[in-house]
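With chain F's structure known, arrange chain H on it following the hints.
Residue numbers (my numbering), protein chains in the order written: chain F, 2 to 243; chain H, 2 to 243.
Source of the hints: derived by calculation from the structure; they are not laboratory data. Some hints could be false.
The list treats identical chains as interchangeable, and a pair is accepted whether it falls inside one copy or across any two copies.
Cross-link-like lysine to aspartate or glutamate pairs, in silico, EDC-like; alpha carbons within 16 angstroms at most [as the list claims (entries may be wrong)]:
#1 Lys225 <-> Glu117
#2 Lys48 <-> Asp21
#3 Lys224 <-> Glu117
For reference, the chains in residue letters:
Number of protein chains: 2
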Amino acid sequence: MLFYAKVAGTLWLLPVALGDAAWETYLPPETREAACRLSHFVVENAKTARAELKRLDHPTPLRELQIEQLPEKLTAADIERLLAPLLAGHDLGLMSEAGCPAVADPGALLVRRAHEIGIPVRPLVGPSSLLLALMASGLDGQRFAFHGYLPAREPDRSKRIAELEAESARQAQTQLFIETPYRNQALLAALLQTCKPGTRLCLATDLSLESESIATHRIADWKKLATPALEKRPTVYLLLAA
Amino acid sequence: MLFYAKVAGTLWLLPVALGDAAWETYLPPETREAACRLSHFVVENAKTARAELKRLDHPTPLRELQIEQLPEKLTAADIERLLAPLLAGHDLGLMSEAGCPAVADPGALLVRRAHEIGIPVRPLVGPSSLLLALMASGLDGQRFAFHGYLPAREPDRSKRIAELEAESARQAQTQLFIETPYRNQALLAALLQTCKPGTRLCLATDLSLESESIATHRIADWKKLATPALEKRPTVYLLLAA
Chain F
2 MLFYAKVAGT
12 LWLLPVALGD
22 AAWETYLPPE
32 TREAACRLSH
42 FVVENAKTAR
52 AELKRLDHPT
62 PLRELQIEQL
72 PEKLTAADIE
82 RLLAPLLAGH
92 DLGLMSEAGC
102 PAVADPGALL
112 VRRAHEIGIP
122 VRPLVGPSSL
132 LLALMASGLD
142 GQRFAFHGYL
152 PAREPDRSKR
162 IAELEAESAR
172 QAQTQLFIET
182 PYRNQALLAA
192 LLQTCKPGTR
202 LCLATDLSLE
212 SESIATHRIA
222 DWKKLATPAL
232 EKRPTVYLLL
242 AA
Chain H
2 MLFYAKVAGT
12 LWLLPVALGD
22 AAWETYLPPE
32 TREAACRLSH
42 FVVENAKTAR
52 AELKRLDHPT
62 PLRELQIEQL
72 PEKLTAADIE
82 RLLAPLLAGH
92 DLGLMSEAGC
102 PAVADPGALL
112 VRRAHEIGIP
122 VRPLVGPSSL
132 LLALMASGLD
142 GQRFAFHGYL
152 PAREPDRSKR
162 IAELEAESAR
172 QAQTQLFIET
182 PYRNQALLAA
192 LLQTCKPGTR
202 LCLATDLSLE
212 SESIATHRIA
222 DWKKLATPAL
232 EKRPTVYLLL
242 AA
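The shape of chain F in the complex, shown without the other chains (with noise of 0.2 angstroms):
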């Protein structure tokens, strides 16, 4: 269906911090200009928009900002309603708890939506953990592919990183993961037991902080080393296959 709005506001998408640091290591001075500007706010975690709010020194006392929580599991009346500022005219900036919003987190409808009815959307720069580690990693940028999280339990987790690892020598593509942290070790036990010696595996961990850790190896050479400490640290997973 192609519907106008005929008097819309614009939908920012507002990339946040990927944990405790000052603004000025992860957002252009625009991006920051562009929520400061905003008074009207859908976010994935109202607590965590607040901190990010506060960091920003956003000029407007945070009580008198409109955020509302995503809802878990989104409605399509969850939409309309949450879309509603824009249709009354008000910009309204998307938040997700860390990184960029509807990248690995919920939001993406509420966009979809926002094309459907012709409302202005507004991607801002700012940090991705998949974009850095991606990067870093010095596997192929040239061809890859986000899984999202994979299954949490044995065999199907080790049954889904062997299809990984083989879709990764098939098209000679990366593929990235993510873990809930406090299964980091389990899953790296998992690849490190699944893998093939020459398979290409980088582990990168509490990306854009101080605490920043990165390393690609083999899957051999991984084994020779210690093993390190991810326990409740976010980590993006990247395999490619020899």
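Frame of chain F; chain H shown alone:
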């Protein structure tokens, strides 16, 4: 092979502008400052790299900076030569022609070798047309794949489009690809002819620039609209099968 450099500089991955714009619109102050502290660079294109360093107001006269261009075909000897400043203890900045180094771009092999010899790699935040397009498309950001350029000629191009659409349906995966700007109209015509009416297509053009335009519609609706003016404008294509 695991070999660790004893005294090594850091390899900084420096994103650059996607077109002519003030640095405040696309770079965090920290990324700019990191670039301005460096005097050794490896770049995809020396001319655009100098323009970027000028935009950043690098404090050193440009002729005094060491700027090495990545050869089209990178040999192992080239890689050793280009990384030599790092082994001599200098920090080194890697810059592509536009956007993020080593993503949809050469330079990844340099980063790969840096990991092999134990050189610290630090990716910095900046603009990526792929990421901006994905955020703004409203398509699925939980599962996506980037495929680079499609074949330039028919019937290979349409065959590849049909493959990508089928893969998108099978995996519920957003497919991203790019095209040389002068072939944009031909690619769009092939997409409209090949894809199913319900498939969603996003065209994201001139990202992060004043002339930016981003629209997502179903193929059936694209056919009813005036052909967008894509001539010579860098465009990211995204499709998601229904």
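Outcome of the hint check:
{"no.": "1", "hint": "Lys225 <-> Glu117", "in the structure": "between (53 angstroms within a copy, 14 angstroms between copies)"}
{"no.": "2", "hint": "Lys48 <-> Asp21", "in the structure": "within (14 angstroms within a copy, 37 angstroms between copies)"}
{"no.": "3", "hint": "Lys224 <-> Glu117", "in the structure": "between (50 angstroms within a copy, 15 angstroms between copies)"}
Violated hints: none; the structure is consistent with every hint.
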